[in-house]
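The residues making up each chain are set out below.
2 protein chains.
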Amino acid sequence: MSETSSASSPFPPNDGKSEGIDAQDGNSIIPISLNEEISPNLLQKMVHNALVWCSLHGLVVGDKNNQRSGKVPGVGIVHAPIALLPMSFSQSHFRQACELAPIFNELVDRVSLDGNFLQDSLSRTKKVDAFTSRLLDIHSKMLETNKKEEIRLGLHRSDYMLDAQSQDILQIELNTISCSFPGLSCLVSELHRHLLSHYGGDLKLDSTRVPENMASTRYADALAKAWKEYNNARAVIMIVVQTEERNMYDQHWLCSILKEKYPFYLCAKTLAEIATEGKLQPDGTLLINDQLVAVIYFRAGYTPNDYPSELEWSARLLMEQSTAIKCPSISYHLAGTKKIQQELAKPNVLERFLDDNDDVMKIRKCFAGLWSLDDSNIMKDVMESPELFVLKPQREGGGNNIYGDDVKQTLLKLQKEGSEELAAYILMQRIFPTESPAFLVQGGILHEEHVIAELGIYGAYLRNKEKVIVNEQCGYLTRTKVSSSNEGGVVAGFAVLDSVYLT
Amino acid sequence: MSETSSASSPFPPNDGKSEGIDAQDGNSIIPISLNEEISPNLLQKMVHNALVWCSLHGLVVGDKNNQRSGKVPGVGIVHAPIALLPMSFSQSHFRQACELAPIFNELVDRVSLDGNFLQDSLSRTKKVDAFTSRLLDIHSKMLETNKKEEIRLGLHRSDYMLDAQSQDILQIELNTISCSFPGLSCLVSELHRHLLSHYGGDLKLDSTRVPENMASTRYADALAKAWKEYNNARAVIMIVVQTEERNMYDQHWLCSILKEKYPFYLCAKTLAEIATEGKLQPDGTLLINDQLVAVIYFRAGYTPNDYPSELEWSARLLMEQSTAIKCPSISYHLAGTKKIQQELAKPNVLERFLDDNDDVMKIRKCFAGLWSLDDSNIMKDVMESPELFVLKPQREGGGNNIYGDDVKQTLLKLQKEGSEELAAYILMQRIFPTESPAFLVQGGILHEEHVIAELGIYGAYLRNKEKVIVNEQCGYLTRTKVSSSNEGGVVAGFAVLDSVYLT
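Residue numbers (UniProt numbering), protein chains in the order written: chain A, 1 to 503; chain B, 1 to 503.
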C-alpha cells in the first residue's frame with residue numbers, strides 16, 4: 001500500500017493484498033481508445049446497467065464505510081470498483097502473457113526444490129527484513145528435517161505491464177501466495193461481455209473479443225484435484241483467512257464453486273484459530289478440531305500484519321510441518337519474493353531451473369531490468385538518471401515503491417546507513433506503460449480518467465511424486481490505476497477491476 | 001405501515017408497499033416445527049452459508065442506514081431479511097391457494113368492466129378518503145369518455161393466512177397494483193432449496209419439497225406478451241418507479257429477466273418525469289421523450305405519498321387516457337381495494353361476475369367475514385367481542401389495522417364523528433393464524449422468534465378483445481412476522497421473506 005495517497009483522487013486507497021497495483025507509471029503514447037465518442041446518455045445507461053448487474057450477480061466487495069463489512073457476509077455490500085469497458089490488449093501480447101503461465105508455474109516448482117538457492121539468495125534480505133527472516137526460519141527448519149512436499153499445488157498470478165516504448169510485456173511481479181480476484185475477475189469479464197452484447201453496436205465493439213475467463217473454476221478444480229491426490233475422503237480443504245476481509249466475496253465465489261462441484265467439506269480459519277485448534281498427529285497429518293486437513297489454501301499470511309503475535313507464526317510452522325498440501329508451501333512462498341525475481345534475472349540463473357531453451361528465452365524476454373543495490377555499475381546509472389528506475393522494498397504487497405528523485409535521495413540515505421539496509425530493496429527498470437482514457441465506476445459514481453493497466457494472468461500447477469497433473473493458464477484480470485495520481489512520483493495503490501478486449 | 005412499532009424488536013419497520021404484512025395475529029396451535037433440534041454449530045454454518053448465498057446471488061435490498069441505497073444501484077446493499085428455512089404448508093392448502101389465482105384473475109377482470117359497480121361501491125369511501133377519491137375521479141373521466149381497455153394485463157398477488165381454528169386458508173387482501181417481491185421470492189425459494197440440499201440430511205428435510213417458483217419469469221413473460229399484443233416493434237415497456245426505492249433489486253431482477261429474454265427496450269420513470277416528459281398523441285398513443293409506450297408497469301402510484309403534487313396526478317391521468325396497456329388500469333387498481341373485497345363478500349355479488357358456480361364456491365370459501373360499518377347487526381357483535389375483529393382503513397399499504405380493544409374505542413369515536421367517517425374503514429373477521437418458531441436473519445444477525453406467516457400467490461392475466469392469452473398462477477412468497485410484536489394489539493409491518501415447504 002502507498003503510504004501517501006492523492007487526496008484529490010475519487011478512489012480510496014487499496015487496503016488488501018494484491019488489490020493495489022504495484023504500479024510503474026509514466027506519460028506516454030495514447031493508444032487507440034475504446035472509449036471515445038460515447039454519448040452522455042449512453043454512458044449513463046451503461047453505468048446504471050453495470051451497477052445493477054454487479055449487484056444482482058455478486059460482483060461486490062465490503063464497503064469500507066461499514067465497520068461490519070469485513071466481518072459478516074451480507075452486510076455493508078457495495079459493487080466492486082470497475083472499469084466500464086475492457087482494456088484493449090493486442091492478441092499477441094495477451095497470448096504471450098498466457099503462454100508464460102505454465103512456464104512460470106514450472107519455474108516456481110523447480111526453484112522451490114532448491115532450498116539452498118532460496119536461503120542463499122535471501123541471506124542478506126534476512127538480516128534487514130524481519131518478515132522474510134521468519135519465513136526463512138520456517139524454511140530452514142524444513143530443510144533441517146529434510147521435509148519433502150511430494151504433492152505440490154501452486155495457484156499463482158503473474159502481473160505484467162506493457163512498456164510503451166519497447167512494446168514489450170514486462171513482468172511486474174509473480175504472486176505465489178493468496179492471489180486475489182480469481183472469483184471477481186471472471187465476473188468482470190462476464191459484465192463486460194454483457195455490456196458489449198447490449199451496447200456493443202453503438203460502441204462498435206464486439207463482445208466476443210473479451211476472452212473467456214475461467215480463473216475461479218480452474219482454481220476450484222485445481223484445489224479439488226489436490227484434495228483427491230491427498231486421497232482421504234474424510235479430509236477437508238482449509239482456507240486460511242484474515243480476521244477481517246472486505247474482499248470476502250471474491251473468496252466466497254471460489255468456495256461456492258468448490259462446494260457446488262465437489263462433495264468435500266471446506267472450512268475457513270484464521271491463523272490464530274489454527275494455532276489453537278490445530279494439532280499435528282504423529283504421522284504428520286494435521287487435524288483442525290479433530291478434522292483431517294488435506295489442502296491448505298492461503299488467503300492470509302502474506303503480510304507481517306497477519307502475524308501480530310507468536311501464535312500466528314506457530315500456526316504457520318504447524319501447517320508447514322504437516323503432510324497437508326499447502327498452497328503455497330513455504331518454498332513456493334519464498335520463490336515468489338522480489339529478491340528471487342531479481343536473482344532469476346541474473347545471467348545463467350534461469351538455465352539452472354528450466355531445461356527448455358525456448359522457455360528460458362520467453363521468460364527472459366518478459367523480465368524488466370532487475371538489480372541488487374550492491375551492483376556498483378548500475379548505482380552510477382541510477383544516480384545519473386533516477387527517473388528510469390524504481391526502488392522496491394523486499395516485502396510483499398506492493399505500493400511502497402519509490403520513484404523519481406526519491407530514488408536518489410533514498411539510496412543516498414541507505415548508503416549512509418550501510419550495506420545491510422541496501423539489501424532490503426531491489427532496483428527495477430522503470431516501466432513506462434501505455435496510458436489510456438477510461439471510465440471508472442466506484443461507489444456508484446462514474447469518473448473519466450486516464451489510467452494505466454496491469455494485466456494479471458492466473459496459473460495453476462499441481463504435481464505429485466510421479467507427474468505433473470495440472471499446469472495451465474486459468475484466467476486473467478486487468479487492474480487499472482488513475483495515472484495522474486502518480487504525479488510527483490507517489491503512486492497510490494488503487495485497484496479498479498477490468499477485463500481484456502483483444503485487438 | 002404501522003404508525004407504532006415495537007422498539008424492542010430487532011427488525012426495522014417496513015417502509016414499502018406490500019413489504020409489510022397486513023397481519024392478523026394471535027396465539028394458537030404450535031404446528032410441527034421445521035426448526036426443532038438444530039445444533040448451534042449447524043445453525044451458525046447455515047446462517048453463514050445463507051448470507052453468502054444472498055450476497056452472491058442478488059437476494060439483496062437497499063440498506064436503510066445508507067442514504068443513497070434507494071437512489072443509486074450498487075451502493076448500500078444488504079442481504080434481504082430472510083427466514084432461514086421454508087415455512088411448512090400442507091400440500092392441499094398450498095394447492096388450494098394456487099388454484100384460486102386464475103379465478104381471482106378472472107374476477108378482477110370482470111369487476112373492472114363494471115364501472116358503475118366500482119363507482120357505487122366506493123361512493124361512500126370517496127367522501128372520506130382523498131386518495132380513493134382521486135382514483136375514482138380518473139375512473140369517472142374514463143367512464144364519461146367511454147374509454148375502453150381492450151388489452152388488459154393484471155399482475156396480482158393474493159395474500160392468505162391459515163386460520164388455526166378452522167384450518168381454512170383465508171384471504172387477507174388481493175393486490176392488483178405494484179405487487180412486490182416477484183423477483184426476490186424466486187431467489188428465496190432457490191436459497192432454501194440450496195440450504196436443504198446441503199443441510200437437509202441433518203434436518204431431515206427434503207429440498208424438493210420447496211415448490212418451484214417462477215414468479216419473476218412468468219411476470220416477465222406476461223409483460224412481454226402484452227408488449228407483443230400492442231404490436232408496435234418500436235414501442236417500449238415503461239416502469240413507473242418511486243423516486244427512492246430500497247426494494248429496487250426486486251424490480252431489477254424482473255427487468256433483467258425481461259432484457260435478457262426479449263429484445264425491446266425498457267425505461268423507468270417516476271410519475272413526475274412522466275408528467276413532464278409524457279405526451280399524448282392525437283391517436284391516443286403515449287410518448288415518453290418521443291418514445292412510444294406499449295406497456296406501463298406500475299411499481300409506484302399505489303400510495304398517496306407517491307402523489308405529492310398535482311403533477312403526479314396529471315401523469316396518472318395522462319397514462320390512463322392513453323392507449324398504452326396499463327398494469328394496472330385504474331379499474332384494475334380500484335378492483336383491488338378493500339372496500340371492493342368487502343362488497344364481493346356480500347351475498348350474491350360474486351355470482352354477478354363469475355359464471356362458474358364452482359369458482360364462486362372456491363372464492364367464497366377463502367373469504368373471511370367482511371362487513372361495512374353501517375351493518376348494525378355486526379356492530380353489536382363487535383362491541384361485545386372486539387377481539388374477534390380487525391378494523392381496516394380503506395387505503396392500500398397495510399399495517400394501519402386496528403386490533404383488540406382499540407377496535408371498540410375507534411368505533412365509538414367514529415360513530416360520534418358520524419357515518420361518513422365510518423365509511424373510511426371496513427371490518428374484517430380477525431384471523432388467528434398458526435404460530436410457529438422460526439429462524440430469521442436480518443442485518444447479518446440470527447433471531448429465533450415465533451412468527452406468523454402470510455402466503456402470497458402471484459397471478460398473471462392477459463387478454464385482448466377476442467380471448468384470454470394468459471391466466472395463471474406464477475409463483476409464491478411467504479412473509480413472516482414476529483408474532484410477539486403484536487402484543488398490545490399494535491401490529492408493526494415487518495417483512496421477512498420466506499418460501500414454502502410442502503407437508
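Treat the hints with care, as some may be off.
[Claimed, not checked] Chain A regions said to be covered by chain B (calculated; three or more residues, Cβ under 8 angstroms):
1) 52-59
2) 63-76
3) 206-218
Just so you know, these hints were derived from the structure itself, not from any lab.
By construction, the Cβ of each residue, glycine as well, lies at the ideal position given by its N, Cα and C atoms.
Query raised in the report: Against chain B, does the stretch 52-59 of chain A show at least 3 residues with beta-carbon separation below 8 angstroms?
Result: holds (count 7)
Query raised in the report: Has the stretch 206-218 of chain A got at least three residues whose CB is nearer than 8 angstroms to a CB belonging to chain B?
Result: violated (count 0)
Query raised in the report: Holds or violated: the stretch 63-76 of chain A covered by chain B, criterion of 3 or more residues with Cβ-Cβ distance under 8 angstroms?
Result: holds (count 7)
Comparing the model with each numbered hint stated earlier shows that hint 3 is the single one that does not hold.
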